[in-house]
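Peer 1: Okay, here's what each chain looks like letter by letter:
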Amino acid sequence: MIYGVSLSLVLALLWWVLSGYDKTILLSFGAISVIITMVLVFRMRILDRETAPFYRLHTLVPYYIWLGGEIAKSNVAVLKAALKPEIDITPRLVRVPVQAETDLSRCVFANSITLTPGTVTIEIEDDAFLVHALDSAFTSPDGFAEMNQNASRATDGVPS
Amino acid sequence: MMGWVNLISLLAMALAMAIMLGRLFAGPTLYDRVLAANSFGTKTVLLLLIFSLLVGRADGVDIALLYALINFVATIAILKFFRYRSLEVALAQMSLRRAIDGDDE
Amino acid sequence: MTEFDWTQLLDYSLMAMLLAVGIAIVRLRNLFAIVMLMGVYSLISAAWFVSLDAVDVAFTEAAVGAGISTVLMLAAMLLTAREAEPVKAGRHWAALIVVSVTGAALFYAVGDMPIYGDPNSAANAYVGMDYITSTPNEIAVPNVVTAVLASYRGFDTFGETVVIFAAGLGVMLLLGLNAAKKEAGK
Amino acid sequence: MMDALSLVRDFVSIAFMAVGIVFVLAGAIGVVRLPDFYTRMHAAGVTDTLGAEMIVFGLMIQAGFTLLSAKLLLVGFILFLTSPTATHAVANAAHRAGLNPLLSRHQPPHPGDDPEGGAKP
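Chains as they are written, first to last, in my numbering: chain A, 3 to 162; chain B, 12 to 116; chain C, 443 to 628; chain D, 39 to 159.
Some hints could be false.
Claimed, not checked - Some chain A residues flagged as far from chain C (calculated, every beta-carbon gap over 12 angstroms):
1) VAL19
2) SER21
3) LYS86
4) ARG94
5) ALA130
What the hints assert, rightly or not - What follows is a list of derived Cβ distance ranges for each label pair:
6) THR104/D - LEU617/C: 44 to 54 angstroms
7) GLY145/A - PHE607/C: 54 to 64 angstroms
8) LEU16/A - LEU615/C: 45 to 55 angstroms
9) PHE103/D - PHE31/A: 51 to 61 angstroms
Treat the hints as calculated values from the structure; they're not laboratory data. Idealized CB from N, CA, C, for every residue including glycine.
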């Protein structure tokens, strides 16, 4: 039930932000569209913690702020590698072990690897990701482990 | 003053788009082209955002939002197509997978 | 003479990109690359429409040109080869003549068009102004184009929708999507 | 007082946008220069993350605390969510199709990726 309420609130907010209308008749149109969407969602039975992952915002937001710092750091490194007059890189393909309780936490971890420039997840296996790195400087196992720990703490609430 | 800044960034974005076109034309493999097209779409979104603030009309932001979504959907559609060689097989596989997942629950 | 409008530079660069993409589409042989370039072409042209104040057209171009038609083109490519065959040079001449005549006629017609943004032109002078002034009072919908399509010309739009719906149904029946689904489900 | 405040706001916005533009241009140059598909992918990622977000933030500071700014935030959020997914999808498709990454140490002279025909602008 909490998922339904939070999803309808978010949908209503989204509608209002996108339209910016304040007349009664238009707002009622918006309310009708939110109700129709909720009916569809209920009928499709996809209302669960993955459809409405708002219950973890208080841990996800700090995580993404931390990730933003990491992204900025590695962005500068990639920038240097790409703009050097003589390209000098050693691309690497590494297997990164993953410890994650849920699919959501695996997904957030894989997304974080891809978001950080210089590393991209190219294949997802049972207990590891295949990661392509632009340079051998990006493949420190400690960095991946730290990111994995932070990701699973943010999504599952347990440090794994 | 902000007008000039926005104008310069607008033209810089157009320059980046033009550079990306070079990779789009040359790209030896298909995946290079998909990547370049996706990145080109991101740059178009940014161009539209800057333009709509430059001329002070909010409409461009809506278009940019639509672009960001369509760009993503088109990229995924193209890749699904290449993975399965047909859109119908891709759709059928998806519905098959959903049916299997549904049985498990 | 007003001040130079620097956003013109954007228009020119977008047009140059359109030209480059067009030439590349003609030159390339790989059909997948051409499909992708056509998506990029409509992305650029939609950006150009925004810069020309035609936001509604840009919306349609983005949704139809970049989204749906890319997917449709890919689906159509299933039925054809992956590489285009080179066309004999002799056939180019007829096409060139047709294109030049059409282009010349269009250029001739440009002379009769009103100046860009002219307040006295036919499009701005007659009922257009009425719609713009009376829509907020008569119909609450803020978008004038929506109000005209759905209310003032409601029956017209209804007819168009019926025609398009019938055409879509006909195409689906002809293609036999149902049979394909059965086959895939086996 | 108001003037000084808006001047500061303008400067912050200019700083954000300048950084963003540098990253976007560098990403585009990287996509053209780097030797193979997988390495180009990283350069495109630079554009998608920091470049795009910086420009969006710069524009948000210009727009102030309005509905427009909320829309800009939404665009930035969608880009932030979709770009890694799209990058992963491209990389995964290339990997499944058997495109082998270049793994040796790469050094110039110029990478000879020859265009397969087609006009350069």
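Peer 1: Are the hints correct? Go through all of them and say.
Peer 2: Hints and how they fare:
Every C-beta of chain C lies more than 12 angstroms from that of VAL19/A, the closest at about 16 angstroms, which supports listing it as non-interface. Not every C-beta of chain C lies more than 12 angstroms from that of SER21/A, the closest at about 9 angstroms, which undercuts listing it as non-interface. Listed as a non-interface residue, LYS86/A keeps its Cβ farther than 12 angstroms from every Cβ of chain C; the least gap is roughly 28 angstroms. No beta-carbon of chain C comes within 12 angstroms of the beta-carbon of ARG94/A; the shortest separation is about 29 angstroms.
Remark: the non-interface label on ALA130/A is consistent with the geometry, its nearest Cβ contact in chain C lying 32 angstroms away (cut-off 12 angstroms). One distance hint, 44 to 54 angstroms for the beta-carbon pair THR104/D and LEU617/C, holds here, with the actual separation near 48 angstroms. For the pair GLY145/A and PHE607/C, the supplied restraint of 54 to 64 angstroms holds, since their beta-carbon distance comes to about 56 angstroms. Range check, LEU16/A to LEU615/C: about 37 angstroms between beta-carbon atoms, so the 45 to 55 angstroms window is missed.
Checked against the hint of 51 to 61 angstroms, the C-beta distance between PHE103/D and PHE31/A comes to roughly 26 angstroms, which is inconsistent with it.
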